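Those letters in the sequence shown? Residues 1 to 71, by the working numbering.
In case anyone wonders, no lab produced these hints; they're calculated from the structure. Given the structure is predicted, the values throughout are model-derived calculations rather than measurements. Certain hints may be false.
Below, in silico cross-link-like pairs of lysine-lysine (DSS-like), each with a Cα-Cα straight-line distance of 27 angstroms or less [claimed, not checked]:
#1 K50 with K66
#2 K5 with K66
#3 K20 with K5
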Amino acid sequence: MGPTKAEVLEMLDAYARLPKPSGPVTLSPGYLRAVERWEALPENAAGVDKSWVVRCQRAFEAHFAKARVGT
Numbered sequence: 001m002g003p004t005k006a007e008v009l010e011m012l013d014a015y016a017r018l019p020k021p022s023g024p025v026t027l028s029p030g031y032l033r034a035v036e037r038w039e040a041l042p043e044n045a046a047g048v049d050k051s052w053v054v055r056c057q058r059a060f061e062a063h064f065a066k067a068r069v070g071t
């Protein structure tokens, strides 16, 4: 049998109390090249219709607004 809900919540609380690493993030050259390629796509050019982003965000928010935590 797996852990109880209370045990899982205690594990999550213990993890949340652990110190988190901080400081500058170093991005690899490969990642930076990928970002440059994504930014250079025609879909990302200035003046291009990006209204689909708003529709996607609204659909995302509506979907997760209906989500309920299992008991």
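- Could you tell me which of the numbered hints above are not met by this structure, giving the numbers in increasing order? none
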